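Undergrad: Add chain D to chain Z, keeping to what the hints say.
Spelled out, the chains give:
There are 2 protein chains.
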Amino acid sequence: MKKLINGTETVLGESLAGFVGAHADIVTLGDEGKFLRRRNLKRGKVGLISGGGSGHEPLHAGFVGLGMLDAACPGQVFTSPTPDQMLAAAEAVETGGGVLYIVKNYEGDVMNFAMAAEMASGKVATVITDDDVAVETSTYSTGRRGVAGTLVVERIVGAAAEKGAGLDALQALGQRVNGQTRSMGVALTSCTVPAAGKPTFTLGEDEMEMGVGIHGEPGRRRVKLATADAIAEEMMGAILGDLKPKAGSEVLLLANGFGGTPAMELYVMYNSARRILEGKGIKTVRSLVGSYVTSLEMAGCSLTVSLLDGDLTGLWDAPVHTSALRWGV
Amino acid sequence: MKKLINGTETVLGESLAGFVGAHADIVTLGDEGKFLRRRNLKRGKVGLISGGGSGHEPLHAGFVGLGMLDAACPGQVFTSPTPDQMLAAAEAVETGGGVLYIVKNYEGDVMNFAMAAEMASGKVATVITDDDVAVETSTYSTGRRGVAGTLVVERIVGAAAEKGAGLDALQALGQRVNGQTRSMGVALTSCTVPAAGKPTFTLGEDEMEMGVGIHGEPGRRRVKLATADAIAEEMMGAILGDLKPKAGSEVLLLANGFGGTPAMELYVMYNSARRILEGKGIKTVRSLVGSYVTSLEMAGCSLTVSLLDGDLTGLWDAPVHTSALRWGV
Chain Z
238 MKKLINGTET VLGESLAGFV GAHADIVTLG DEGKFLRRRN LKRGKVGLIS GGGSGHEPLH
298 AGFVGLGMLD AACPGQVFTS PTPDQMLAAA EAVETGGGVL YIVKNYEGDV MNFAMAAEMA
358 SGKVATVITD DDVAVETSTY STGRRGVAGT LVVERIVGAA AEKGAGLDAL QALGQRVNGQ
418 TRSMGVALTS CTVPAAGKPT FTLGEDEMEM GVGIHGEPGR RRVKLATADA IAEEMMGAIL
478 GDLKPKAGSE VLLLANGFGG TPAMELYVMY NSARRILEGK GIKTVRSLVG SYVTSLEMAG
538 CSLTVSLLDG DLTGLWDAPV HTSALRWGV
Chain D
238 MKKLINGTET VLGESLAGFV GAHADIVTLG DEGKFLRRRN LKRGKVGLIS GGGSGHEPLH
298 AGFVGLGMLD AACPGQVFTS PTPDQMLAAA EAVETGGGVL YIVKNYEGDV MNFAMAAEMA
358 SGKVATVITD DDVAVETSTY STGRRGVAGT LVVERIVGAA AEKGAGLDAL QALGQRVNGQ
418 TRSMGVALTS CTVPAAGKPT FTLGEDEMEM GVGIHGEPGR RRVKLATADA IAEEMMGAIL
478 GDLKPKAGSE VLLLANGFGG TPAMELYVMY NSARRILEGK GIKTVRSLVG SYVTSLEMAG
538 CSLTVSLLDG DLTGLWDAPV HTSALRWGV
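Chains as they are written, first to last, in this note's numbering: chain Z, 238 to 566; chain D, 238 to 566.
Since the hints were derived computationally from the structure, they do not count as laboratory data.
Don't take each hint at face value.
Claimed, not checked - Non-contacting residues of chain Z with respect to chain D, defined by C-beta distances greater than 12 Å in every case (computed):
#1 279
#2 280
#3 294
#4 314
#5 320
#6 332
#7 356
#8 403
#9 409
#10 444
#11 486
#12 517
#13 546
What the hints assert, rightly or not - Simulated crosslink set (DSS-like; lysine-lysine; CA at most 25 Å straight-line):
#14 435/Z / 279/D
#15 435/Z / 483/Z
#16 435/D / 461/D
#17 239/Z / 239/D
#18 239/Z / 360/D
#19 481/D / 520/D
#20 461/Z / 239/D
#21 481/Z / 520/Z
#22 400/D / 360/D
#23 360/D / 282/D
#24 461/Z / 279/D
#25 483/D / 520/D
#26 360/D / 279/D
#27 461/Z / 435/Z
#28 435/D / 435/Z
#29 279/Z / 360/Z
#30 279/D / 400/D
#31 239/Z / 279/D
#32 483/D / 435/Z
#33 239/Z / 400/Z
#34 282/Z / 400/Z
#35 282/D / 435/D
Given the structure is predicted, the values throughout are model-derived calculations rather than measurements.
All C-beta atoms in this analysis are idealised placements derived from N, C-alpha and C, irrespective of residue type, glycine included.
Next comes chain Z alone, as it looks inside the complex (with noise of 0.2 Å):
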């Protein structure tokens, strides 16, 4: 295992400690290390807090900041915070307008999550994200898994929430984006979780797991290397499949790299899925191209189509500054 760290158990400590002071301007690390907080609370504004497990980063602490989460609670690598966590995370940004959590499908997330929502005196709503097309269940899911669309939902939201939208209207907004979006991801490689210290799943050397989850969870299948076109023709067959949007739809084209993916390709395959969009009337009117719901070092990546229809478009380009994502500010 060759990885740039002290030792297994003090990684992610020394990753958040070098996450806050860095971004010292934007957040702050909660008690005991517990979540990371946005430092300028909004008085009454509805908390917005996510989390999971680490090793997906920016997601969630990168997206922590105005116009997007409150607190995200970093769990160890791919595994579910606690709820202890979520507790802290929901009592020290709770200002009044209640707390709504934003939680990927996987069973320990969904479990915690809801654990620390009964706990809670104040109020708490939650939104569940399950935008991957590629599998119904997953190892560590029942129903389909929240992945790179969970970004769309935590941005959205996280915009309305700023203009002052109260809890069930996000609660509301949270599913509809959810709902009108979709996600597929393929790897060629796979990562090497640190306490594990070998990969998680091993593939040939012309092989590619196509349907991939963003644990190294088994996709729909395991094939020999495409090209990107092929690639992308699969992935949004069977996005575009599910979502089903009509010619004329505007949508939002992310293209999410895993973490060991050259920006290079990743444009290469977003070139590609725009032109299949293009070639089904479908109109791209925004985009996001990056590195931003990852694997570890996973090579591979994801694409996501999220329908922009009504407010949609305007909440997506509301500013927004966190460490990842930063506009308009």
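TA: Leaving out everything else, chain D in the frame of chain Z:
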């Protein structure tokens, strides 16, 4: 070779097509794809142009936009662009203030940019960056290599150009920033140039290349993998031994990933480096952590320290709107 491409002949063109599609609000592609230029040129402003071999994305195309570069010339992977690309870019962005070339110190780049400067009809000046302290000469360079510090030069000179500084002043500023910026890198794995089809170099399972160049050029020595703290100690020792900042100095610290390094590890390295600076009484007043000057999918990172004296912090903070760096707008 595992890459998300359609072919080694088309990868650059398709990647550029994706890039200008995703960032059409910021950049446009020049004639025959010779360069990318900023969409809204500012009349009378000095035109800032950089370029070099592709494979280091987001450098340089990702730094085209308000407050940074006016154009970037992409060569084939790890291959200098040609003088006609640079000349075409200069003609496209020259609006009366002259043109400044910002060139990383590699023989091909330096020679081609010099030829382009000679062929130009307008006023042209050049800044050569050579911030890499690892080695004094290298595979493709006489004298030190220009690496991640180049982005600091591009950002600060870009801010001053936007404020209306003249060509001579910008050249002097660029030379000053380069003169007080130092970098060093380490590789844990090689990268694979698409056209070559195999790794540029090989490293044993427990080895790293200390002082590696951004094309995989040899560094100071090949050694056993060490802890993040020990790696940071060696790199910062070389950087600070050469830069010789006084206690109390204010610096920018950049922890830069080479393309295959998880964010978690970059923050661990940033944390180690920052503690070393603190131990010497040097203040990290600005920070940047991410994969900005890459070597395709190479695992590893570089550290860069840049003295921020006088007006430099203000210039760093001035509005910038490029695809890879954005704040204040």
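Undergrad: Next, verify each hint and record whether it holds.
TA: Now for the hints, and whether the structure bears them out:
At roughly 20 Å from the closest C-beta of chain D, the C-beta of residue 279/Z stays outside 12 Å, upholding its exclusion from the interface. Every CB of chain D is more than 12 Å from the CB of residue 280/Z (nearest about 25 Å), matching its label as outside the interface. In this structure residue 294/Z is not separated from chain D by more than 12 Å, as the shortest Cβ-Cβ distance comes to only about 4 Å. At roughly 8 Å from the closest C-beta of chain D, the C-beta of residue 314/Z falls inside 12 Å, breaking its exclusion from the interface.
For residue 320/Z, the requirement that its beta carbon stay farther than 12 Å from each beta carbon of chain D is met, with the minimum near 24 Å. Remark: the non-interface label on residue 332/Z is consistent with the geometry, its nearest Cβ contact in chain D lying 26 Å away (cut-off 12 Å). No Cβ of chain D approaches the Cβ of residue 356/Z within 12 Å, the least distance being about 29 Å, so the stated non-interface status holds. Listed as a non-interface residue, residue 403/Z keeps its Cβ farther than 12 Å from every Cβ of chain D; the least gap is roughly 31 Å.
The claim that residue 409/Z is not at the interface with chain D holds, since no C-beta of that chain comes within 12 Å of its own (minimum 30 Å). Residue-level check failed: residue 444/Z sits 9 Å from the nearest beta carbon of chain D, not beyond 12 Å. No Cβ of chain D approaches the Cβ of residue 486/Z within 12 Å, the least distance being about 18 Å, so the stated non-interface status holds. No beta-carbon of chain D comes within 12 Å of the beta-carbon of residue 517/Z; the shortest separation is about 16 Å.
For residue 546/Z, the condition that its CB be more than 12 Å from all CB atoms of chain D holds, with the nearest at approximately 21 Å. Between residue 435/Z and residue 279/D the alpha-carbon distance is near 53 Å, which puts this suggested pair outside the 25 Å criterion. Between the alpha carbons of residue 435/Z and residue 483/Z the distance comes to roughly 45 Å, so the proposed pair goes past 25 Å and is violated. With a C-alpha separation of about 23 Å, the suggested pair residue 435/D and residue 461/D falls inside the 25 Å cut-off, and the hint holds.
Between residue 239/Z and residue 239/D the CA atoms are separated by roughly 19 Å; this keeps the pair inside 25 Å, and the hint holds. Annotation: proposed proximity of residue 239/Z to residue 360/D is violated, straight-line Cα distance about 49 Å (limit 25 Å). Taking the CA atoms of residue 481/D and residue 520/D, the gap is about 14 Å. The hint holds against a cut of 25 Å. For the proposed pair residue 461/Z and residue 239/D, the alpha carbon gap of about 11 Å is at most 25 Å, so the pair holds.
A distance of roughly 14 Å separates the Cα atoms of residue 481/Z and residue 520/Z; the hinted pair therefore holds under the 25 Å criterion. Distance hint between residue 400/D and residue 360/D is fulfilled; the C-alpha atoms sit about 19 Å from each other, no more than 25 Å. This hinted pair checks out: residue 360/D and residue 282/D have alpha carbons roughly 13 Å apart, not beyond 25 Å. Between residue 461/Z and residue 279/D the CA atoms are separated by roughly 49 Å; this puts the pair beyond 25 Å, and the hint is violated.
Taking the CA atoms of residue 483/D and residue 520/D, the gap is near 10 Å; set against the 25 Å cutoff, the hint holds. A distance of roughly 17 Å separates the Cα atoms of residue 360/D and residue 279/D; the hinted pair therefore holds under the 25 Å criterion. Taken as a hint, the residue 461/Z and residue 435/Z pair is honoured in the structure, with Cα atoms around 23 Å apart against an allowance of 25 Å. Proximity of residue 435/D to residue 435/Z is assessed by CA-CA distance (about 23 Å); at most 25 Å being required, the pair is judged to hold.
Between residue 279/Z and residue 360/Z the CA atoms are separated by roughly 17 Å; this keeps the pair inside 25 Å, and the hint holds. Using a Cα cut-off of 25 Å, the hinted pair residue 279/D and residue 400/D holds, with the two alpha carbons roughly 11 Å apart. For a cut-off of 25 Å, the pair hint linking residue 239/Z to residue 279/D is broken: about 47 Å separates their Cα positions. Restraint check for residue 483/D and residue 435/Z: the C-alpha separation of about 44 Å exceeds 25 Å, so the hint is violated.
At roughly 45 Å between alpha-carbon atoms, residue 239/Z and residue 400/Z are farther apart than 25 Å, so this suggested pair is violated. Annotation: proposed proximity of residue 282/Z to residue 400/Z holds, straight-line Cα distance about 9 Å (limit 25 Å). Taking the CA atoms of residue 282/D and residue 435/D, the gap is about 44 Å. The hint is violated against a cut of 25 Å.
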